[in-house]
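Novice: Could you build the full structure based on these sequences and the hints that come with them?
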Amino acid sequence: MHGFPRFRPVAEQGVLIEFGDHISDAVHERVLFLDSILAAQGFDGFREAVPAYVNLLVIFDPLITDHARVERRVRAMLSGPVQARAEGTIHVVDVCYDAGLAPDLPEVARLTALSEEAVIAAHLSGEYRVFHYGFAPGYAYLAGVPEAIRLPRKTTAVRGVAAGSVIIAAAQCIISTLTMPTGWWIIGRSPTLILRDDPARPFLFDVGDRVRFRRIGRAELEAGQ
Amino acid sequence: MTDAVFTVVRAGPHVTYQNGGRPGMLRFGVPASGAMDRLALAAANLAVGNPAGATVIEISAGGLVLDCVAGEVGFAVAGGGFAVTSGKEQFGSWSVARIAAGMRLTIRPGPWGSWTCLAFAGTVDAPTWLGSKSTHGPSGLGGGKLTTGAKVRVTGTRVPSESLSTIPCPVFARPRHEVRVVLGPQERFFDEETIHAFLGQAFVLTDSYDRMGVRLAGPSLKPAAVLDMPSEPILRGSVQVAGDGVASVLMADHGTTGGYPKIATILDEDLDGFARLRSRNRVGFRAVTPEEAISIRRSGDAARRAYLAGVAARGIALFGQ
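Just so you know, the sequences run in chain order A and B.
This note's numbering applies: residue 175 is where the first sequence begins, and numbers increase by one.
This note's numbering applies: residue 4 is where the second sequence begins, and numbers increase by one.
Warning: the hint list may mix true and false statements.
What the hints assert, rightly or not - Derived list of chain A stretches under chain B, where covered just means 3 residues or more per stretch with a C-beta under 8 angstroms from a C-beta of chain B:
id, region
1, 180–189
2, 220–226
3, 310–318
4, 368–380
If you're looking for bench data, these hints aren't it; they were derived computationally from the structure.
Ideal Cβ positions, reconstructed from N, Cα and C, are used throughout, including at glycine.
Specialist: Right, dumping it as structure tokens:
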């Protein structure tokens, strides 16, 4: 990718490192590669790294280092041999697609000219990857919704959508963690907690992990909640 | 030593428990939260002999009324120009006093500022989430919002040796009507004229604000390029421009990624000063280079440290070690 990486200063405490303009697995792989080196090595004054689709924000302590030194350090990290990153963990997330928990399933079926069962089958057939977290605590953006059921988000958001809702928009899928408004399509409900009440591991996924969905019935959902 | 207990008689919106925040979890969608005015948080805590980042009650312009129903405790109010009534005494924020069972504490907005911190000499009892009692406003996770009828409990209480004393309020604890920014990281979405308008014209804070951010009114900053931007990380202080050209400044409880371009990012050094502005206040933006931003931060930090050391020494003198 010509001209990348690009380094952009952010206030007095950040550098945004860009690996491309458009979302792709190759670009995200570069993001994950840098993220893993930063996690392993860090540097004096390193505070945190925030990976996203095509870039990664490095936040540093401005009393200890500065933008130019961070850029030099990151360039040195990136010029090293590209180590094969450990494959992300594979997680299986349960989903119940029962009517009542999947209010948008009929509309998604209508707009994609598929039966509801075919929409469900398509959703289950995807292999998803955790690209980044955002919006709210534990909202992991999973990319990998199959082409056949990709729809732009709805024109207006619905308020008070229950936590655990499985929502899709374009190539992305999220298992919501809080009761929040959303303009995405609600196609199911999951008992799998992404935001966990476990101080040792508060979030189920790491960025770069893989996710598959498994269909469950209402009884299993209720038993799991 | 008995605990001090309060009943919330009335709490305005956005009145929450806050502390030094929970940094380090942006990658999981969790903003650091913590006090909107971090200097005020440190000053209020140190003035009562607490660690600088201890848990306080952060009070918005909506105000707070508490009845002390048990015990006795020292407290400090720092941040903004708020009006405080404690029993029969009236004074402003930037004060240290004592309150005991049977007395009412009323804190309401005064001549300036949007947020103030109420620190008790002791430990405030509140739920912890992800290692911090700071409240994440949109979800209410963490210490939580204060609501009418709720109880506030302070353990390990201490009382001051003087009934009423003041905390110095330095110039750098006041609102900033000109805040310094580093342009970007997505200024490429705006043409030169728009950048010029952003830096050259005044904006006004609207009353659409909360702990997540504040919307500004001013020149339209319509992006020149079509918005085809993947979601990117957001930092506290990002000046984000929506498709309609309206700018917002993202604050303590910001979403951690977003697909709108950020025309500039306010220096963290100036962000507390920005948070002290009120709805309808004017604000202007001045661009500095990254190198200038670093040196501004370093000299600001030295001044703050010297000031807070003085507040801490006075706190220890009033409350004992």
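Novice: With reference to the structure, classify each hint as holding or not holding.
Specialist: Results for each hint:
1. Counting residues of the region 180–189 of chain A whose CB falls under 8 angstroms from any CB of chain B gives 7; the rule of at least 3 is met.
2. Beta-carbon proximity to chain B at under 8 angstroms applies to 6 residues in the region 220–226 of chain A; the threshold of 3 is reached and the given coverage holds.
3. Closer than 8 angstroms: that is the beta-carbon criterion, and the region 310–318 of chain A has 6 residues meeting it against chain B, so the requirement of 3 holds.
4. Counting residues of the region 368–380 of chain A whose CB lies closer than 8 angstroms to any CB of chain B gives 3, so the stated coverage by that chain holds, three being the minimum.
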